[in-house]
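Mapping of the sequence shown onto full-length UniProt numbering: position 131 corresponds to residue 131, and the numbering continues sequentially without gaps.
No lab work stands behind these hints, which were simulated from the structure alone.
Any given hint could be a false lead.
[Claimed, not checked] Distance condition first, Cα-Cα at most 35 angstroms in a straight line; then the derived DSBU-like pairs of lysine-lysine:
#: 1; residue 1: K33; residue 2: K55
#: 2; residue 1: K143; residue 2: K207
#: 3; residue 1: K112; residue 2: K207
#: 4; residue 1: K33; residue 2: K19
#: 5; residue 1: K27; residue 2: K55
#: 6; residue 1: K55; residue 2: K17
#: 7; residue 1: K143; residue 2: K72
#: 8; residue 1: K203; residue 2: K72
#: 9; residue 1: K110; residue 2: K72
#: 10; residue 1: K110; residue 2: K27
#: 11; residue 1: K203; residue 2: K112
#: 12; residue 1: K17; residue 2: K27
#: 13; residue 1: K19; residue 2: K55
#: 14; residue 1: K27; residue 2: K72
#: 15; residue 1: K28; residue 2: K17
#: 16; residue 1: K143; residue 2: K110
#: 17; residue 1: K55; residue 2: K143
#: 18; residue 1: K55; residue 2: K28
#: 19; residue 1: K19; residue 2: K72
#: 20; residue 1: K72; residue 2: K17
#: 21; residue 1: K33; residue 2: K17
#: 22; residue 1: K110; residue 2: K203
#: 23; residue 1: K72; residue 2: K55
#: 24; residue 1: K72; residue 2: K33
#: 25; residue 1: K110; residue 2: K55
#: 26; residue 1: K203; residue 2: K143
#: 27; residue 1: K72; residue 2: K28
Because the structure is a prediction, the values reported are computed rather than measured.
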Amino acid sequence: MNERKASHLNHSDLWEKWKEHGDLEAKKMLIEKYLHIVNYVSGRLAVGLPKNVPKDDLESNGVMGLIDALEKFDYERGLQFETYASWRVRGAILDGLRQGDWVPRSVREKAKRIEDAYQQLEQTYLRSVSDEEMSQYLDVSTKDFQHMLQEVAVMSLCSLEDPIREEESETRLSLMIDEKAKNPDYKVNEFYLKEALVQGLEKLTVKERTVVSLLYYEDLSLSEIAEVMSLSPSRISQLHSKAILRLRGTLDKQKDLLMRKD
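Put together the whole structure using the sequences plus the hints.
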């Protein structure tokens, strides 16, 4: 198939040629047609990442996710490929970031300190705690605590996408989505984890819940959320970090309880 002839084919023709006949030229054209998804997703993810993470690496992993989506997508079901591909591309980029271990150990340690502090204080006071209370508990100034939140913001990007247990593919975010029926033991554990997630969301402040909702449900970028909420991007990043660290603490605590029951 030459370029001139191929350019007149619509999406349905291309999908048929690729899926039914294994036409590699059609596959190449589909990749080109949907490459904007990789650019869009990688651009949004790059906003919250450190400067030392090359955007080229994000795009390379994203292209692999797009190719995987093209190979696994069932075009005859009439579903929206863009939505399916976006999740595949995002997942491939996040997988690449995890494998690259791009978060410094010192940042991981700070994130763990903050997560443990939130869990301890909220268990003690049975309410959301202020930045001042967190600063006092961590024995740092409020300004230093804000700076810590800014530093660990690079970790919170993947937090809800990370597996609940290292050996499993089930993620925290997937607990918010309906799944096909599973075995009774799994359903019981899933029920308690969902309950823990709901409780964790209820403990968040209004602003933190708004950020989580706009980011994970409305699919806005941090800069877009900043504009919607009339706050600076750095402030949105801090709110996101606090929300994710608190949710992680709640879910990890529930996970430990379930593992002890097992």
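Hint check results:
1. K33 / K55: 20 angstroms, holds
2. K143 / K207: 19 angstroms, holds
3. K112 / K207: 22 angstroms, holds
4. K33 / K19: 16 angstroms, holds
5. K27 / K55: 25 angstroms, holds
6. K55 / K17: Holds, because 32 angstroms separates the two Cα atoms, which is no more than 35 angstroms.
7. K143 / K72: 48 angstroms, violated
8. K203 / K72: 39 angstroms, violated
9. K110 / K72: Violated: K110 and K72 sit about 39 angstroms apart, past 35 angstroms.
10. K110 / K27: Not OK: K110 and K27 at ~45 angstroms, beyond 35 angstroms, violated.
11. K203 / K112: Between K203 and K112 the Cα gap is close to 19 angstroms, so the pair holds against 35 angstroms.
12. K17 / K27: 8 angstroms, holds
13. K19 / K55: Given that 35 angstroms is the threshold and the Cα spacing comes to 31 angstroms, the pair holds.
14. K27 / K72: 12 angstroms, holds
15. K28 / K17: Holds - the C-alpha atoms of K17 and K28 are around 11 angstroms apart, at most 35 angstroms.
16. K143 / K110: Judged against 35 angstroms, a Cα distance of about 15 angstroms means the pair holds.
17. K55 / K143: 30 angstroms, holds
18. K55 / K28: 22 angstroms, holds
19. K19 / K72: At roughly 10 angstroms apart (the allowed maximum being 35 angstroms), K72 and K19 satisfy the hint.
20. K72 / K17: 15 angstroms, holds
21. K33 / K17: It holds: about 15 angstroms lies between the C-alpha atoms, which stays within 35 angstroms.
22. K110 / K203: 22 angstroms, holds
23. K72 / K55: Distance of about 26 angstroms is within 35 angstroms: holds.
24. K72 / K33: 17 angstroms, holds
25. K110 / K55: 25 angstroms, holds
26. K203 / K143: 23 angstroms, holds
27. K72 / K28: 15 angstroms, holds
Going down the numbered hints, you'll see the structure goes against 7, 8, 9, 10, while the others check out.
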